[in-house]
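Spelled out from the first residue to the last, the chains are:
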Amino acid sequence: MRVKSPTITLLTGAGLGIALLIASMLATAHATAPSAPAPTHSPAPTEDAGSPPASPSQTSSAHAKASIRATYVAQVQGGGAAVAISVSGQQASAYVCKGSVVEAHLSGAADGGNLTLTGRDHAQLHATYNVRKAVGDVLANGIRYAFSAPASGKSSAKHESVRSRCVGESQVGTAAGQSGGNGGDDHSGDGHGGDSGHGGGGH
Amino acid sequence: MTAQPEASAPPEQAASGAAKLVVPCLIGALVALTLGVFGRLHHPTGISINIAGFSSIGSVKAWLATVATVFALIQVGSALVIYGKIPRVSAPSWIGGLHRWSGRIAFIVAVPIAVQCLYALGFQTFSARVLVHSILGCLFFGSFTVKMLILPKRDMPSWLLPVLGGLAFTALTGVWLTSAYWFFSTYGIKR
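In the order they appear, the protein sequences are chains A and B. Number 118 in our numbering belongs to position 118 of the first sequence; there are no gaps in the numbering. Number 66 in our numbering belongs to position 66 of the second sequence; there are no gaps in the numbering.
Any given hint could be a false lead.
[What the hints assert, rightly or not] Chain B residues, not near chain A, derived (Cβ > 10 Å throughout):
| id | residue |
| --- | --- |
| 1 | Ala18 |
| 2 | Ala19 |
| 3 | Ile95 |
| 4 | Ala114 |
[Stated by the list, open to error] Listed next, with one range per pair, are the computed distances between beta-carbon atoms:
| id | chain 1 | residue 1 | chain 2 | residue 2 | range |
| --- | --- | --- | --- | --- | --- |
| 5 | A | Ile22 | B | Ser90 | 28 to 36 Å |
| 6 | B | Leu41 | A | Ala23 | 14 to 22 Å |
| 7 | A | Leu26 | B | Pro157 | 40 to 48 Å |
| 8 | B | His43 | A | Ala23 | 13 to 21 Å |
| 9 | A | Ala19 | B | Leu131 | 22 to 30 Å |
| 10 | B | Pro157 | A | Thr118 | 50 to 58 Å |
| 11 | A | Thr118 | B | Leu26 | 40 to 48 Å |
| 12 | B | Thr170 | A | Ile22 | 43 to 51 Å |
[To be verified] Heads up, incomplete: computed chain A residues facing chain B, CB under 7 Å, no partners named:
| id | residue |
| --- | --- |
| 13 | Lys4 |
| 14 | Thr9 |
| 15 | Ile22 |
| 16 | Ser24 |
Hints were generated in silico from the structure; no laboratory data involved. For glycine and all other residues, C-beta sits at the position ideal for the given N, C-alpha and C.
Given these sequences and hints, build the entire structure.
Here it is, written out as structure tokens:
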């Protein structure tokens, strides 16, 4: 039986789509594996402060978290932007920077291991943090960035200082990773900007 | 059911015509729905593979979408010539080939954009532009599928292909306006 050429067109497109999907899956699996345990999904449930600590070690870490004062600075996953988060007790604020441009400024609550920050234009940040690092994602300007940011030695609650460190980190990353992966730099040609997992700005 | 054969004058022909139409439409609807549901349920990764030489995956997609839209315009133009809608232009022999190949290229170029979109960003609703873009993106692939499946079938109403082609073109144009046009007007025309 002769296969019709429009069918071939469709099947070619479908095959190409599936091949690219698999390639993307492999690429993201590769990209996410080395640096962070799980940068692309929502905050790890094990560090949920809402539930009572299940083990002694968690109890102690929960106590520690309550009084954490730290600044976390890192390139976002895939490069192209940087995030700086300042946690000071129960309060936290964050900046997302791209080059010298501040994409978003967020603030909100630091709740014993979980950060839930919001900013203008539907900017949202969800992360888990401990004394060593903060892992999560941030939605800024309709774009979702995943990050795993180590706590840096200097702690500062001053906005200006956090902002400048964010910009600094972003510019370092831009200079160093010019030819590197641009995944995080996805300025949404289609503007989808992710984060449906958290409901994003989707409501 | 019993009244149906009497209602339409040529029952068998009408039934087979409708059946021919129903299956492609169902498949097309399934394609659109699958894309939308995948885009909604799959947690967007925010990243995917990039192409060398472009500043961001966003600009890659904006340019690919523009290429697809240009070929879609060729589609409309060549279809108008084929249907004799342009006065004083008689269809040259290669017009069918032009129509087929411009369509194939537009479609093949659109596929990677859709994959990147759905995988890295997902079906989103956080602004009117993004919602319209998400819906039209699904509609485009659905309507294109229907058109491809109906294309080889005979005894279809003559208005059907132009309507389906028009639908696919309108959806693609809407997709382009809500993405590449928006991208270029927001960030400037850049690689």
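Results of checking the hints against the structure:
1. A cut-off of 10 Å between C-beta atoms confirms that Ala18 of chain B is not in contact with chain A; the least separation is 20 Å.
2. The non-interface label for Ala19 of chain B is consistent with chain A: the shortest C-beta to C-beta separation is roughly 17 Å, beyond 10 Å.
3. Distance check on Ile95 of chain B: its Cβ is at least 16 Å (rounded) from any Cβ of chain A, clearing the 10 Å threshold; non-interface status holds.
4. Not every C-beta of chain A lies more than 10 Å from that of Ala114 of chain B, the closest at about 7 Å, which undercuts listing it as non-interface.
5. Checked against the hint of 28 to 36 Å, the pair Ile22 of chain A and Ser90 of chain B fails, with Cβ atoms roughly 47 Å apart.
6. For the hinted restraint 14 to 22 Å between Leu41 of chain B and Ala23 of chain A, the CB-CB distance of approximately 20 Å keeps it satisfied.
7. For the pair Leu26 of chain A and Pro157 of chain B, the beta carbons lie near 45 Å from each other, so the given range of 40 to 48 Å is met.
8. Checked against the hint of 13 to 21 Å, the C-beta distance between His43 of chain B and Ala23 of chain A comes to roughly 18 Å, which is consistent with it.
9. Take Ala19 of chain A and Leu131 of chain B: their Cβ atoms lie about 29 Å apart, and the range 22 to 30 Å holds.
10. The hinted range of 50 to 58 Å is satisfied by Pro157 of chain B and Thr118 of chain A, whose Cβ atoms lie roughly 53 Å apart.
11. A hinted range of 40 to 48 Å holds for the C-beta pair Thr118 of chain A and Leu26 of chain B, which are about 43 Å apart.
12. The given range of 43 to 51 Å is broken by Thr170 of chain B and Ile22 of chain A, whose C-beta atoms sit roughly 31 Å from each other.
13. Interface restraint check for Lys4 of chain A: the shortest CB-CB distance to chain B comes to about 4 Å, inside 7 Å, so the restraint holds.
14. Nearest Cβ of chain B to the Cβ of Thr9 of chain A: about 5 Å, under the 7 Å cut. The hint holds.
15. Interface restraint check: Ile22 of chain A against chain B, minimum CB-CB distance 10 Å, threshold 7 Å, status violated.
16. Interface hint status for Ser24 of chain A: upheld, as the beta-carbon distance to the closest one in chain B is roughly 4 Å, under 7 Å.
In summary, the structure is inconsistent with hints 4, 5, 12, 15 from the numbered list given earlier, while agreeing with the others.
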